[in-house]
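K.L.:
This is what each chain is made of:
Number of protein chains: 2
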Amino acid sequence: MAAKPGIPKGTRDFSPVEMAKRNYIFNTIRDVYHLYGFQQIETPSMEMLSTLMGKYGEEGDKLLFKIQNSGDYFSGITDEELLSRNAAKLASKFCEKGLRYDLTVPFARYVVMHRDEITFPFKRYQIQPVWRADRPQKGRYREFYQCDADVVGSDSLLNEVELMQIVDTVFTRFGIRVCIKINNRKILTGIAEIIGEADKIVDITVAIDKLDKIGLDNVNKELAEKGISEEAIAKLQPIILLSGTNTEKLATLKTVLSDSETGLKGVEESEFILNTLQTMGLKNEIELDLTLARGLNYYTGAIFEVKALDVQIGSITGGGRYDNLTGVFGMAGVSGVGISFGADRIFDVLNQLELYPKEAVNGTQLLFINFGEKEAAFSMGILSKARAAGIRAEIFPDAAKMKKQMSYANVKNIPFVAIVGENEMNEGKAMLKNMESGEQQLVTAEELIGALTK
Amino acid sequence: MAAKPGIPKGTRDFSPVEMAKRNYIFNTIRDVYHLYGFQQIETPSMEMLSTLMGKYGEEGDKLLFKIQNSGDYFSGITDEELLSRNAAKLASKFCEKGLRYDLTVPFARYVVMHRDEITFPFKRYQIQPVWRADRPQKGRYREFYQCDADVVGSDSLLNEVELMQIVDTVFTRFGIRVCIKINNRKILTGIAEIIGEADKIVDITVAIDKLDKIGLDNVNKELAEKGISEEAIAKLQPIILLSGTNTEKLATLKTVLSDSETGLKGVEESEFILNTLQTMGLKNEIELDLTLARGLNYYTGAIFEVKALDVQIGSITGGGRYDNLTGVFGMAGVSGVGISFGADRIFDVLNQLELYPKEAVNGTQLLFINFGEKEAAFSMGILSKARAAGIRAEIFPDAAKMKKQMSYANVKNIPFVAIVGENEMNEGKAMLKNMESGEQQLVTAEELIGALTK
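If you're matching them up, the sequences are chains A and B in order. Each residue of the first sequence is one higher than the one before, counting from 104 in our numbering. Each residue of the second sequence is one higher than the one before, counting from 104 in our numbering.
These aren't lab readings, by the way, just hints derived from the structure by calculation. Keep in mind that a hint or two might mislead.
No distinction is drawn between identical chains; accordingly, a pair holds when it is met within one copy or between any pair of copies.
Calculated cross-link-like contacts (lysine-lysine; reagent style DSS-like; alpha-carbon spacing at most 27 Å) [as the list claims (entries may be wrong)]:
| id | residue 1 | residue 2 |
| --- | --- | --- |
| 1 | K165 | K107 |
| 2 | K165 | K196 |
| 3 | K112 | K192 |
| 4 | K368 | K504 |
| 5 | K477 | K357 |
| 6 | K192 | K165 |
| 7 | K112 | K165 |
| 8 | K158 | K112 |
| 9 | K352 | K329 |
Here the structure is a predicted model, which means the values were calculated and not measured.
Construct the complete structure from the given sequences, taking the supplied hints into account.
P.N.:
As structure tokens, this is what we get:
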């Protein structure tokens, strides 16, 4: 008795319709990356554990999928070690490879390994799956795709500008209305400097973020509870209440941060990015948002995140500037800036708003009904001509009942069906049926091609 | 001191140029699959080991990459079992998941799991990597892509015909001249039947294959050495010496196999496939080749393989008809037929024959030289218009030395460079340089777009 097959938890099969939608997402992102001169690379699914371990924190190390060594993976391990049953320690003996956890560390490894072949600035994109042994839950998977673009080897803020243009263009093409949030790590550092509470910056941004919900008094109360001094809270007031246009916000920040060189640098960078983008004219809103504080340890300059306006969902794209991507692999001084589109969340948003263009999801355009060997042979001739003209077409391979064949066309959403019986054959034509309108007309091969390619 | 990073043996990084070439291959195959009504699916990289084990023979089981269970993978294992150090047995306790070894078993699992959602016949294609812990060697990798198309749930030989048309179309598009070899498992069974040596069929095809090299006498000698009776060898003579057109070969086989019902069925099937293809008109040669005997245990009807004519390399595509794909997962009676393109070998052939179309490998079409902030700001305006017109364009992000920027354009094979200095800015124009001819002309944004989109 064969076992009923299943798949590992947190993983997914993608059906033809889901794949068509996913391809639409990936192709749209890819096309825009190309418009901006980014080039694709791919790295192996497995990396050496020595490359991956220690790059994602202790928690990250635990979430790596490790691959058991081939052959006798027990060699070199003492009985005592075995009986210790120390799962983490022995994993590093049983396994020397792991599945990649993100695209950033493999990219850093790639840059270091291929430094002599790469011409900098290197504008690369990468669309590949990553794996995390996370507890699966709604919207969180153990295998999912990342779509990253990074420019490394250039400090220019034009890179930040272009990445925001890419974000704007991609979501405009999707038809998803978004707000692009932008902040700068240097501004956050500046704030910490002027209030003298460098280690409290996350607490501060979390509290500020609640202003709309809980009001100023409660925000200040929360800050005090987090151990921030009265004096510091007083200094924070203009920042908590920061409002108005981006220009107004930047003006306020210049005053508040006048004593912090780093802070002012962050304001200046943001000003350049926002001003240049204003000149270029974005289709979507871009907003300076001081509560944005993603990946503090990693980013060193501009940081950004994208929120969908019409769907309740977390950030659907994010990124920022980092200053030392490759240092951990012994190559210092490589600055970079990148973005990552969240394909799975974009998939959900497009589904919820029903924004997939019809042609993105449609496959076969024409099905020939099969009435038997002779009719099929005749149909195959027209079919070949249709395909040569670029029409995606098929013939039902078996002379099954008409009902079954028509139902196949319906399920596959095929818009046209060609019916070739004895009468049609005698006339050297096919009956072309429009499945939506129900309209039928007797056509030659050329007329059929004309009808489907117009 | 950071360790010099490497990647697991048998795996590869793909550079931008390699990726462009690989995408050209995948896109060509994908486009043709679509023309024939095939739909894409994807399955997870990891499958349950219970799904994979026992499907590829004992050797295959050893070549599976196994993924260590998360958490305490020692639980439920006795000290005695641990100390036995039985690597294979304990792997099944330490690991419950493995990386997929091919696309066929996951596809079978998919069909069984989703049988209620699938409308048959199901024409699916799948382009994904597979992993094998094989000893790496030239042209053999531990991670490589397969590009499979299968039709399941239809016995019709039209499926075989269409798969051969797909093969013909794909290689015509690549510009690779090929010979499509076709055989039929039923013909081989028939031969074994009439000579009464069912278990010797592989020995027979191997010996026949050497006819050109070693001559008839030596072939017969080899057959005798393999323990085939004198009487059987006599009966085999017309088959060993089989020659002429496909029609002539089929005529001979009809006579020789007249006592084998299965053999005659195989001849009849081959006749239908070859005759229909002749009517359709293939661009490449198709040849009935009795020495073709791939995967005997698996295939049950037509089998095929593709050989490149202008490069010395093994089969670059193969496939065939199987009758019980899903039986091992408890779903009987599903017949199917499929092909698999060998992307890595096709990559090598296209490289060797230098057949990549120029536009497939080219990325960015236009680079703006960056002379400083003001010039860059002006250039960004034209750049936006060019991109909106679909031109893949970039600006060098830093105001680096001219030589460095021009060298970037050269390395990236960018055909046009736009130079915007003070003079150009004052005229509201850009100097457009054709990198191949060296020709320069002063153009407006509109003229620039015109020059690059014509």
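K.L.:
None of the hints should be skipped; say for each whether it holds.
P.N.:
Against the structure, the hints:
Proximity of K165 to K107 under the C-alpha cut-off of 27 Å is restricted to the inter-copy arrangement: shortest distance 23 Å between copies versus 30 Å within a copy. In the homo-oligomer, the alpha carbons of K165 and K196 lie at most 27 Å apart both inside one protomer (15 Å) and across protomers (19 Å), since each shortest distance falls under that limit. Taking the shortest Cα distances, K112 and K192 sit within 27 Å of each other both inside one copy (25 Å) and across copies (23 Å). Taking the closest pair of Cα atoms, K368 and K504 come within 27 Å of each other only across two copies (25 Å); inside a single copy the shortest separation is 74 Å, beyond that limit.
Proximity of K477 to K357 under the C-alpha cut-off of 27 Å is restricted to the inter-copy arrangement: shortest distance 24 Å between copies versus 82 Å within a copy. For a Cα distance limit of 27 Å, the shortest separation of K192 from K165 qualifies both inside one copy, at 11 Å, and across copies, at 25 Å. Within a single copy, K112 and K165 get their C-alpha atoms as close as 17 Å, and across copies as close as 24 Å, so both meet the 27 Å cut-off. In this assembly of identical chains, K158 and K112 lie within 27 Å of each other by CA distance both inside one copy and across copies; the values are 25 Å within and 22 Å between.
Proximity of K352 to K329 under the C-alpha cut-off of 27 Å is restricted to the intra-copy arrangement: shortest distance 26 Å within a copy versus 88 Å between copies.
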